[in-house]
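Peer 1: Starting from the known structure of chain W, fit chain B onto it as the hints suggest.
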Amino acid sequence: GAGVSQTPSNKVTEKGKYVELRCDPISGHTALYWYRQSLGQGPEFLIYFQGTGAADDSGLPNDRFFAVRPEGSVSTLKIQRTERGDSAVYLCASSFEGQGASAGGYTFGSGTRLTVV
Amino acid sequence: GQSLEQPSEVTAVEGAIVQINCTYQTSGFYGLSWYQQHDGGAPTFLSYNALDGLEETGRFSSFLSRSDSYGYLLLQELQMKDSASYFCAVRDDNYGQNFVFGPGTRLSVLP
Numbered sequence: 391g392a393g394v395s396q397t398p399s400n401k402v403t404e405k406g407k408y409v410e411l412r413c414d415p416i417s418g419h420t421a422l423y424w425y426r427q428s429l430g431q432g433p434e435f436l437i438y439f440q441g442t443g444a445a446d447d448s449g450l451p452n453d454r455f456f457a458v459r460p461e462g463s464v465s466t467l468k469i470q471r472t473e474r475g476d477s478a479v480y481l482c483a484s485s486f487e488g489q490g491a492s493a494g495g496y497t498f499g500s501g502t503r504l505t506v507v
Numbered sequence: 152g153q154s155l156e157q158p159s160e161v162t163a164v165e166g167a168i169v170q171i172n173c174t175y176q177t178s179g180f181y182g183l184s185w186y187q188q189h190d191g192g193a194p195t196f197l198s199y200n201a202l203d204g205l206e207e208t209g210r211f212s213s214f215l216s217r218s219d220s221y222g223y224l225l226l227q228e229l230q231m232k233d234s235a236s237y238f239c240a241v242r243d244d245n246y247g248q249n250f251v252f253g254p255g256t257r258l259s260v261l262p
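If you're matching them up, the sequences are chains W and B in order. Residue numbering for the first sequence follows the working numbering, beginning at 391 and increasing consecutively. Residue numbering for the second sequence follows the working numbering, beginning at 152 and increasing consecutively.
Keep in mind the hints are simulated off the structure, nothing from the lab. The beta-carbon is built from N, C-alpha and C at its ideal position, and this holds for glycine as well. Incorrect hints may have been included.
To be verified - Distance windows between CB atoms, simulated: (1) Gln170/B x Thr403/W: 37 to 47 Å; (2) Glu207/B x Lys407/W: 27 to 37 Å; (3) Pro158/B x Phe456/W: 35 to 45 Å; (4) Thr162/B x Phe456/W: 34 to 44 Å; (5) Thr466/W x Leu205/B: 37 to 47 Å; (6) Arg471/W x Gly166/B: 27 to 37 Å; (7) Asn172/B x Asp447/W: 24 to 34 Å; (8) Phe456/W x Ala201/B: 26 to 36 Å; (9) Glu207/B x Tyr408/W: 44 to 54 Å; (10) Gly191/B x Phe456/W: 23 to 33 Å; (11) Phe456/W x Ser234/B: 32 to 42 Å; (12) Lys405/W x Leu205/B: 47 to 57 Å; (13) Ser259/B x Thr397/W: 29 to 39 Å; (14) Pro451/W x Leu205/B: 35 to 45 Å.
Chain W extracted, bound-state conformation (with noise of 0.2 Å):
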């Protein structure tokens, strides 16, 4: 597609509830990432695929938190037993293998703002 496209843009759960969100990345772009960011603060690096395996997974913060990208496109974030301090928005950004540092930097979602209630 033109952008970088996240589902749903909204995302209200209760605690303890599984929840998925989806990041379809521009055409040809072999890099993925997902970042959280919470109110007033920078992203926070989750994890990072090279086609279909995720190369750094190290932002993850525990094990409740998961993320496949089963065909080197679409990627799903999948985050287990919510907790409230899970609440933040969740970006997805997509770049060309090698050019996410450099030439045109990486290429964000509008994100999915998640809020466990």
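Peer 2: Showing chain B alone in chain W's frame:
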């Protein structure tokens, strides 16, 4: 640890010039990026500096001094639409692609 510092808020008037500073302490350094984010919107890439010096792109310029662990974003001929949050971000790994973002500077442009 990793830390980036930016002023939390900056205010300027239309037509003015404003400089947003960023200092960083990271385990490695391979480049400094700047992103713009309007309220409720996606961060948008502005610039990237891997080497010392000034990079100019239209009304925006970005500067880096690796010896001082310091960079800045310079916005000229400010317009109301420039009101947004601006984030510096450091690439701290030569092989990875993830960036460490600063806390952001909220720029308000007044008429």
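Peer 1: So does Phe456/W sit 26 to 36 Å from Ala201/B, Cβ to Cβ?
Peer 2: For Ala201/B against Phe456/W, whose Cβ atoms are near 33 Å apart, the range 26 to 36 Å holds.
Peer 1: Cβ-Cβ distance between Glu207/B and Lys407/W: within 27 to 37 Å?
Peer 2: Given range 27 to 37 Å: violated, Cβ gap about 49 Å.
Peer 1: Go ahead and decide if the range 35 to 45 Å is satisfied by the Cβ distance of Pro451/W to Leu205/B.
Peer 2: Since the Cβ atoms of Pro451/W and Leu205/B sit about 38 Å apart, the hinted range of 35 to 45 Å holds.
Peer 1: Quick check on a hinted range of 27 to 37 Å for Arg471/W and Gly166/B, using CB atoms only.
Peer 2: 52 Å, violated
Peer 1: Take a look at whether the Cβ-Cβ distance between Thr162/B and Phe456/W falls inside 34 to 44 Å.
Peer 2: 42 Å, holds
Peer 1: Can you tell me whether the CB distance of Glu207/B to Tyr408/W sits inside 44 to 54 Å?
Peer 2: 48 Å, holds
Peer 1: Could you tell me whether the CB distance from Phe456/W to Ser234/B stays inside 32 to 42 Å?
Peer 2: Holds, at about 38 Å.
Peer 1: With 37 to 47 Å as the target window, see if Thr466/W and Leu205/B comply at their CB atoms.
Peer 2: Holds, at about 41 Å.
Peer 1: Just to be sure I understand the hint, the distance between the Cβ atoms of Ser259/B and Thr397/W should be within 29 to 39 Å; is that true here?
Peer 2: Cβ of Ser259/B to Cβ of Thr397/W: about 32 Å, so the range 29 to 39 Å holds.
Peer 1: Does the Cβ distance between Lys405/W and Leu205/B fall inside 47 to 57 Å?
Peer 2: Because 49 Å falls inside the window, the suggested range holds.
Peer 1: Take a look at whether the Cβ-Cβ distance between Asn172/B and Asp447/W falls inside 24 to 34 Å.
Peer 2: 32 Å, holds
Peer 1: 23 to 33 Å was suggested as the range; check whether the CB atoms of Gly191/B and Phe456/W agree with it.
Peer 2: 27 Å, holds
The structure shown violates the earlier hints numbered 2 and 6.
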